[in-house]
Each structure stands twice: as structure tokens, then as C-alpha cells.
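The whole structure should be built from the sequences, with the hints applied where relevant.
Residue numbers (the UniProt record's numbering), protein chains in the order written: chain A, 1 to 283; chain B, 1 to 402.
Hints listed in this document are in silico derivations from the structure and should not be mistaken for laboratory results.
Be aware that one or more of the hints could be misleading.
Stated by the list, open to error - With a straight-line cut-off of 25 angstroms between C-alpha atoms, the simulated DSS-like cross-links for lysine-lysine are:
{"#": "1", "chain 1": "A", "residue 1": "66", "chain 2": "B", "residue 2": "131"}
{"#": "2", "chain 1": "A", "residue 1": "66", "chain 2": "B", "residue 2": "123"}
{"#": "3", "chain 1": "B", "residue 1": "131", "chain 2": "A", "residue 2": "150"}
{"#": "4", "chain 1": "A", "residue 1": "12", "chain 2": "A", "residue 2": "88"}
{"#": "5", "chain 1": "B", "residue 1": "135", "chain 2": "B", "residue 2": "124"}
{"#": "6", "chain 1": "A", "residue 1": "138", "chain 2": "B", "residue 2": "374"}
{"#": "7", "chain 1": "B", "residue 1": "145", "chain 2": "B", "residue 2": "213"}
{"#": "8", "chain 1": "B", "residue 1": "123", "chain 2": "B", "residue 2": "111"}
{"#": "9", "chain 1": "B", "residue 1": "111", "chain 2": "A", "residue 2": "150"}
{"#": "10", "chain 1": "B", "residue 1": "364", "chain 2": "B", "residue 2": "402"}
{"#": "11", "chain 1": "A", "residue 1": "66", "chain 2": "B", "residue 2": "135"}
{"#": "12", "chain 1": "B", "residue 1": "65", "chain 2": "A", "residue 2": "35"}
{"#": "13", "chain 1": "B", "residue 1": "124", "chain 2": "A", "residue 2": "150"}
{"#": "14", "chain 1": "B", "residue 1": "402", "chain 2": "B", "residue 2": "338"}
{"#": "15", "chain 1": "B", "residue 1": "385", "chain 2": "B", "residue 2": "338"}
{"#": "16", "chain 1": "A", "residue 1": "150", "chain 2": "B", "residue 2": "65"}
{"#": "17", "chain 1": "B", "residue 1": "81", "chain 2": "A", "residue 2": "138"}
{"#": "18", "chain 1": "A", "residue 1": "66", "chain 2": "B", "residue 2": "133"}
{"#": "19", "chain 1": "B", "residue 1": "135", "chain 2": "B", "residue 2": "213"}
{"#": "20", "chain 1": "A", "residue 1": "18", "chain 2": "A", "residue 2": "35"}
{"#": "21", "chain 1": "B", "residue 1": "339", "chain 2": "B", "residue 2": "292"}
{"#": "22", "chain 1": "A", "residue 1": "138", "chain 2": "B", "residue 2": "123"}
{"#": "23", "chain 1": "A", "residue 1": "35", "chain 2": "B", "residue 2": "292"}
{"#": "24", "chain 1": "B", "residue 1": "169", "chain 2": "B", "residue 2": "385"}
{"#": "25", "chain 1": "A", "residue 1": "66", "chain 2": "A", "residue 2": "138"}
{"#": "26", "chain 1": "B", "residue 1": "331", "chain 2": "B", "residue 2": "292"}
{"#": "27", "chain 1": "A", "residue 1": "150", "chain 2": "B", "residue 2": "385"}
{"#": "28", "chain 1": "B", "residue 1": "30", "chain 2": "B", "residue 2": "133"}
{"#": "29", "chain 1": "B", "residue 1": "364", "chain 2": "B", "residue 2": "339"}
{"#": "30", "chain 1": "B", "residue 1": "131", "chain 2": "B", "residue 2": "111"}
{"#": "31", "chain 1": "A", "residue 1": "66", "chain 2": "B", "residue 2": "290"}
{"#": "32", "chain 1": "B", "residue 1": "124", "chain 2": "A", "residue 2": "66"}
{"#": "33", "chain 1": "B", "residue 1": "339", "chain 2": "B", "residue 2": "290"}
{"#": "34", "chain 1": "B", "residue 1": "338", "chain 2": "B", "residue 2": "364"}
To be verified - Now the in silico label distances, taken between C-beta atoms and shown as ranges:
{"#": "35", "chain 1": "A", "residue 1": "193", "chain 2": "B", "residue 2": "136", "range": "20 to 28 angstroms"}
{"#": "36", "chain 1": "B", "residue 1": "142", "chain 2": "A", "residue 2": "186", "range": "22 to 30 angstroms"}
{"#": "37", "chain 1": "A", "residue 1": "127", "chain 2": "B", "residue 2": "94", "range": "31 to 39 angstroms"}
{"#": "38", "chain 1": "A", "residue 1": "228", "chain 2": "B", "residue 2": "115", "range": "42 to 50 angstroms"}
{"#": "39", "chain 1": "B", "residue 1": "81", "chain 2": "A", "residue 2": "2", "range": "57 to 65 angstroms"}
{"#": "40", "chain 1": "B", "residue 1": "152", "chain 2": "A", "residue 2": "4", "range": "27 to 35 angstroms"}
Note that the structure is a prediction, hence the values are computed from the model and not measured.
Built from N, CA and C at the ideal position, the CB exists for glycine as well.
Each chain, letter by letter, is given below.
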Amino acid sequence: MNQDILFRNNVKIKGKGKQSMIFAPGFGCDQTVWKSVAEAFEKDYQVILFDYVGLGHSDIHAYDSKRYSSLVGYAQDVLDICTALDLKDIVFVGHSVGSMIGLLASLRHPEYFSRLVMIGPSPCYLNDPPHYYGGFEKEELFGLIDMMEKNYIGWANVFAQTVTNNPELPEVKRQLEERFCSTDPIIAREFAEAAFFADNRSDLKKVTVPSLILQCSNDIIAPLAVGEYMHQHLPTSMLKIMAATGHCPHMSHPEETIRLITQYLNEASVSVVGSPAVRGVTL
Amino acid sequence: MDEQLDQAPCGFLTLSEDGFILAINQTLLKILNYNQDSLIGQHVNSILTVPARLFVQFYFFPLVKLEHRVEEMYISLVNTKGEEIPVLINALLKREKERTVLDCILIPMHKRNEYENELLLAKKETEEALKAKHKAMAELETTLKKLEIQKEALLELNQENQKYQIETKKELELARIIQETSLTDPINNDQFQMEVFYNASGELSGDIYGIYKIDPYRYGIILLDVMGHGISSALITMTLHSLFQRLISAGFPVDLVMKELDSHLHKLFHNNEEARHYSTAIYLLIDTDKQKIDYVNAGHPPALWQDPNGTQYELSSTAPPLGTFEDVVFKTNTFTYKKGGRLLLYTDGVDPLASNYLAPLLRKTALLPLCRLKQEILTCLHNEKNVYHKSDDETFILVDFK
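Now the structure itself:
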């Protein structure tokens with residue numbers, strides 16, 4: 001049973017530490033996106049990487065349209081892995097929608113988690129005027145899904161083909177194939193719908209695990225207003241505004257990402273867990 | 001920017017690594033309806049539609065980061081009028097002296113885009129159709145499974161049924177033996193020679209007869225046919241049998257025997273009109289001393305009497321069947337006979353088409369032994385059954401008066 005889950009989610013375990021640290025990729029990505037960041041934690045933590053069912057090198061036969069039609073299904077993947085490895089008090093690091101997946105998992109089994117680190121999270125991408133600004137209108141999100149289709153996202157080898165005339169970068173090619181090419185177009189579309197049309201705003205106040213929100217500058221996917229909303233509604237959360245721009249600081253600015261996570265975890269280990277004093281914005 | 005690139009037949013754009021516009025050619029500015037100054041230093045997002053901004057974040061920049069180039073990516077630009085311009089973009093990361101920049105060429109693809117939209121629409125429709133087909137298949141499979149289960153249940157039921165049938169058949173066979181046991185044997189002595197044929201359409205018969213020697217000179221012969229056939233009729237024959245056996249053996253007069261049987265049926269169904277059965281019957285009381293026969297025919301097919309000289313008489317019905325009307329008076333008929341005469345009693349199953357073939361047959365076979373007559377009748381019966389597939393209880397009694 002345990003072996004089945006580890007195979008299903010292509011779970012990889014590295015590192016020397018006692019405490020476990022699990023890295024959840026964001027929308028449409030597999031575990032290779034964590035390459036630079038995860039390696040930095042291997043000396044102090046047991047690092048766990050995985051792919052959601054339907055992505056990367058997961059067992060695509062385990063994909064079930066119904067289960068993965070909402071983020072709860074993906075959260076169950078995380079819980080299944082924690083149960084299979086008998087994990088407790090782990091540090092969960094999620095990117096983008098991966099953050100929300102971890103947050104949902106922590107509601108079901110708070111005892112599995114000691115800290116949530118969320119990079120560019122958003123509880124709801126849709127605008128809900130007049131009080132909530134998620135950043136997007138419904139048509140715009142459907143436009144993105146259409147654009148994915150027209151770029152054959154999920155079609156095998158489409159992106160990898162472009163690499164063949166770049167022989168000096170074989171490592172990149174392998175990484176790319178893993179990242180973009182093992183996804184099925186239907187799964188890609190269903191994941192997009194589950195991720196972009198989710199509204200988990202009402203879940204924020206129920207979270208009991210302390211959290212760090214890493215907010216990029218000029219992130220159009222998760223704008224600053226959304227990061228602040230998260231911080232206001234998440235009990236015992238800390239918000240850090242990064243110098244990094246864009247939506248993928250773990251790829252574009254791994255050093256800053258590693259530094260902020262390390263800093264947070266070190267502070268957390270000396271401060272009283274869950275103290276309101278942890279709340280605050282560091283610029 | 002050199003003149004050639006500025007006026008190239010495709011859009012050209014140089015971006016900083018984090019997406020800010022460093023240079024843009026005239027072709028692209030024309031497409032976008034901007035002038036140069038308003039775009040330099042702006043983020044590329046300002047010329048992208050919202051979906052394209054997202055897509056570029058999710059795929060364009062990560063690809064550039066990993067691969068240092070992008071080829072054939074479809075995105076959409078937006079011009080100052082808010083119009084959407086679908087383009088294909090190729091990008092190449094280039095290291096300059098102090099910085100890394102991203103050179104991009106963009107080719108509008110309005111027509112190709114429309115064509116692709118059509119293709120996608122067709123693809124979606126096909127997928128929907130496939131989905132519908134799979135759904136229909138799944139439903140069919142469910143139905144098939146249900147049918148299988150029903151079939152299993154039916155088979156089981158059928159087995160139970162067969163078991164029940166076998167048991168019932170056994171029971172009926174036992175009942176048939178009991179019914180036939182109640183039948184008397186034909187009397188063959190110095191006075192009479194008899195042949196009897198008794199055949200039920202099913203296991204049990206609605207016909208019953210009795211032949212009794214009452215005393216050295218008197219003999220009683222009775223034949224009854226209870227309406228219908230099968231188990232219910234057979235049960236009634238058995239109640240009638242026990243009654244007429246006692247009455248006849250005690251030597252009661254013919255009219256009294258019939259009256260008692262009639263009352264018995266009335267009493268039997270007094271409180272149950274639905275179950276009411278009636279019965280035709282003919283009873284003959286033969287006095288060999290006086291060579292006289294008393295008889296009553298209650299709704300029964302006429303018995304045939306044939307004198308030694310070949311003259312035939314019909315002992316026709318003079319009363320309604322037993323169990324039909326209350327207060328019927330059964331009047332005894334009497335005739336005297338000569339030795340050498342021949343008597344035929346039968347139920348209507350023996351002449352199912354009422355073709356009256358028996359009288360001529362009786363005449364034709366006058367000089368033949370009784371067993372031959374019996375054979376002839378059975379042959380006729382057999383042939384008729386083959387033609388009409390009719391099936392009723394059949395009984396006949398043949399008597400030669402010595």
C-alpha cells in the first residue's frame with residue numbers, strides 16, 4: 001500500500017535531517033522546479049519531492065477526473081504521502097496553487113504539519129467585487145486555458161523538440177521533458193480548472209498551522225493585495241515581500257527564496273510557536 | 001536599431017530578463033498602434049492580453065530560464081484600441097556585455113488563428129461525441145450486467161420451478177394411481193362381455209365410471225363426466241365415486257341414485273358458486289332376469305344400444321346435467337332387451353367433433369368381437385386427435401349381452 005502511494009506520486013526522498021520538508025509544485029509543474037531550492041535544505045532536513053497524479057513521472061493510470069476536479073483531491077495526494085511515510089510535524093513548502101493544496105491538507109490533518117511556507121499563494125484568482133480583488137475575470141482565466149490548448153500544453157514532446165538543436169544543454173532537455181511533457185492535455189486542462197476557479201477564502205481562518213507567505217514584487221498572478229489578504233485572514237501567519245519579481249522566485253531567484261525560508265524556520269525554532277508576535281510584515 | 005530590422009516584415013522586441021521593453025521596431029509599433037516613447041521601459045505585460053500575461057508567467061519565462069529560447073509560442077497582444085492580435089513568438093536569450101537580454105520576433109497570425117480555432121472547436125466536438133459514446137457504452141454495460149443478474153435469477157427460478165414441477169408430477173402420478181384404483185374392473189361372465197377404455201387428457205381425469213354386480217340378476221353401470229378436466233374435476237369425480245359406489249351397491253333405484261348425486265353436487269357448491277362444477281351422467285340398472293334396463297341420462301351423450309338384428313336405439317338425455325338446477329325430477333326410462341345386443345357408453349371426449357361416427361361404426365362392426373370394435377374406435381380417435389390436436393378426457397364402455 002505504502003509502496004503504491006510512493007510509486008503513484010513518484011516520491012523522492014533525499015537529505016540528512018530528522019525533520020521532513022515536503023515541496024509541493026505549483027500549477028502544471030512537477031518536482032524538478034524545486035531543484036535549486038530543495039538541494040539547499042538537504043543538509044538539515046529530510047527533503048521529500050513528489051509529483052501530483054497526472055503530472056511528471058506519476059502513475060497516470062491513477063488519475064481520476066472526479067477526484068482531481070478540485071484541490072481537495074490534490075490535497076489528498078499530499079496526505080496520502082504523509083500517511084505512507086508516517087510523517088509528523090513536517091515543513092510544507094508550496095508554490096502558488098501548491099500552497100493552497102498544503103493549506104487544505106493541513107485542515108484535514110493539522111498534526112502532520114509544523115509550518116506552512118507559501119510562495120505566491122492566492123485563495124481565489126477571481127475578482128469578487130466590491131471587497132475582493134483576486135486579479136482576474138472569469139473570461140480571462142478561460143482565455144488562459146484556451147491559450148494552453150493552442151500551445152499544445154500537455155502534448156508530448158512539443159517543448160522538448162525545440163531543445164534538440166541545443167546540444168550543449170542536454171541536462172536542460174531532460175529537465176524540460178520532465179517538466180512539460182509528461183502531462184496529458186486533458187489532465188492539464190482539468191488541473192487548470194481546479195486551480196484557477198477555486199475559492200478557498202473561507203478556509204483561511206480555520207488554519208491552525210503557522211505559516212510564512214512569500215510575496216513576490218510585481219507578481220501579476222498573485223498580486224500584493226492578495227498576499228495581504230492571505231496574511232490578514234490566516235491566523236499566525238507572516239508575510240514577507242520579496243525583491244524577486246514574477247511568480248516563480250524559487251526558479252528565478254532561488255538564493256533569496258532559500259534565505260527567507262531558512263530565516264523563517266530558524267526564527268520559528270527559537271520563538272514561541274503560534275505567538276501573535278510572529279505576525280508582521282518584513283519588507 | 002538598423003533600418004532593416006526596424007522595418008522588417010515581422011515585429012521585433014528586446015526585453016530585459018525580467019520582462020521590461022528595451023527596444024521595439026516600427027513594424028510592431030504599427031501593429032500595436034503605439035509610438036516608441038510610450039513603450040520603452042514598460043513591462044511587456046502592457047502589450048499583452050490578460051490571459052497572455054498569465055501564460056507568459058507560467059510558460060514563457062520559465063522556458064527562457066531553462067532553455068534560453070522559446071520557439072513557436074502562441075500568445076495574444078493588445079493594441080491601444082483594445083483589439084486583440086494573435087501572434088507567434090520566438091525568443092532567444094542573448095548575453096551582452098553587462099546584461100542578459102531577450103530578443104523576440106513576433107508574427108501576427110489572424111488567419112491561422114481562426115483556422116486553429118475552428119480546428120479546436122471540431123476537436124472539442126469530437127471529444128464530446130466520444131465522451132457521449134463512452135457514456136452510452138457504460139450505460140449499455142450496466143444494462144448488460146443487470147440483464148446478466150436477471151438472467152441468473154431467472155435460471156435459479158427456473159431450477160426451482162423444475163424441481164417444483166418434478167415434485168408436482170410425482171404427486172400427480174400418485175393421484176392418478178389412486179384415481180385409477182377406484183375404477184372397477186369390467187365384468188366378464190356368462191351374462192356379459194365388456195371392454196373399457198379410460199384415458200385422461202392430463203394426469204388426472206374428469207371422467208369416472210363404475211360397474212357393479214348388485215346381486216345375481218342385477219348389474220349397475222354408471223358413467224360420469226365432470227365439467228372441465230384436470231385436478232379440480234378429478235377431485236369431484238372422487239367424491240361422486242364414493243357416493244355412487246354405496247348407492248349402486250345397495251341396489252337403489254336409478255332415479256334415486258341420480259337424485260342423490262345431483263343433491264351431492266348442489267350441497268358441495270352451496271356456499272361456493274365460483275367453484276361450481278356440474279357433471280353429465282348416465283346410469284343403467286340391468287336386470288338380466290327380466291331382461292330389462294332402467295336408465296337415466298342427465299345431459300350425457302346418448303348411449304347406443306344395438307339389437308342383435310342391428311337396430312340401434314339412442315339412450316338420450318332426458319334431464320339436465322347433475323348439479324345445474326335444484327329440484328330436478330329424474331324420470332327413469334325402461335326398455336327390455338334381447339340377448340345378443342350390444343351397448344356403447346361414452347363421454348364426449350370420444351366424439352370430440354360430435355361427428356356421430358360411433359353409430360355407423362357400431363353397425364359396421366356388429367359381427368366382430370368387442371375387442372375389434374374397441375380397436376376401431378381407438379384408431380378413429382387417434383386420427384382425429386392428429387388432425388385437431390384436441391384433448392379431452394376419454395372414456396368408453398362396450399358391453400355384449402350374452
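Do the hints match the structure? See the list:
1. A:66 <-> B:131: Holds, because 15 angstroms separates the two Cα atoms, which is no more than 25 angstroms.
2. A:66 <-> B:123: This hinted pair holds, its Cα atoms lying about 22 angstroms apart.
3. B:131 <-> A:150: holds, 21 angstroms
4. A:12 <-> A:88: Judged against 25 angstroms, a Cα distance of about 17 angstroms means the pair holds.
5. B:135 <-> B:124: holds, 16 angstroms
6. A:138 <-> B:374: Violated - the C-alpha atoms of residue 374 (chain B) and residue 138 (chain A) are around 100 angstroms apart, more than 25 angstroms.
7. B:145 <-> B:213: Outside the cut-off at roughly 70 angstroms; violated.
8. B:123 <-> B:111: holds, 18 angstroms
9. B:111 <-> A:150: Given that 25 angstroms is the threshold and the Cα spacing comes to 14 angstroms, the pair holds.
10. B:364 <-> B:402: Given that 25 angstroms is the threshold and the Cα spacing comes to 20 angstroms, the pair holds.
11. A:66 <-> B:135: holds, 15 angstroms
12. B:65 <-> A:35: holds, 13 angstroms
13. B:124 <-> A:150: holds, 13 angstroms
14. B:402 <-> B:338: holds, 9 angstroms
15. B:385 <-> B:338: Outside the cut-off at roughly 36 angstroms; violated.
16. A:150 <-> B:65: holds, 22 angstroms
17. B:81 <-> A:138: Measuring from Cα to Cα gives roughly 22 angstroms; hence the hint holds.
18. A:66 <-> B:133: holds, 19 angstroms
19. B:135 <-> B:213: Violated. Residue 135 (chain B) to residue 213 (chain B) sits at ~83 angstroms, over the 25 angstroms cutoff.
20. A:18 <-> A:35: holds, 20 angstroms
21. B:339 <-> B:292: Since the Cα atoms of residue 339 (chain B) and residue 292 (chain B) sit roughly 11 angstroms apart, the hinted pair holds (cutoff 25 angstroms).
22. A:138 <-> B:123: holds, 23 angstroms
23. A:35 <-> B:292: violated, 127 angstroms
24. B:169 <-> B:385: holds, 24 angstroms
25. A:66 <-> A:138: holds, 22 angstroms
26. B:331 <-> B:292: The hint holds at about 16 angstroms.
27. A:150 <-> B:385: violated, 82 angstroms
28. B:30 <-> B:133: Status violated; Cα separation ~49 angstroms.
29. B:364 <-> B:339: Judged against 25 angstroms, a Cα distance of about 19 angstroms means the pair holds.
30. B:131 <-> B:111: Outside the cut-off at roughly 30 angstroms; violated.
31. A:66 <-> B:290: Violated - the C-alpha atoms of residue 290 (chain B) and residue 66 (chain A) are around 103 angstroms apart, more than 25 angstroms.
32. B:124 <-> A:66: Distance of about 19 angstroms is within 25 angstroms: holds.
33. B:339 <-> B:290: holds, 11 angstroms
34. B:338 <-> B:364: holds, 19 angstroms
35. A:193 <-> B:136: 20 to 28 angstroms: The hinted range 20 to 28 angstroms holds for residue 193 (chain A) and residue 136 (chain B), with Cβ atoms some 25 angstroms apart.
36. B:142 <-> A:186: 22 to 30 angstroms: holds, 24 angstroms
37. A:127 <-> B:94: 31 to 39 angstroms: holds, 38 angstroms
38. A:228 <-> B:115: 42 to 50 angstroms: holds, 44 angstroms
39. B:81 <-> A:2: 57 to 65 angstroms: holds, 59 angstroms
40. B:152 <-> A:4: 27 to 35 angstroms: Holds - the Cβ-Cβ distance for residue 152 (chain B) and residue 4 (chain A), about 34 angstroms, lies within 27 to 35 angstroms.
In summary, the numbered hints that this structure violates are 6, 7, 15, 19, 23, 27, 28, 30 and 31.
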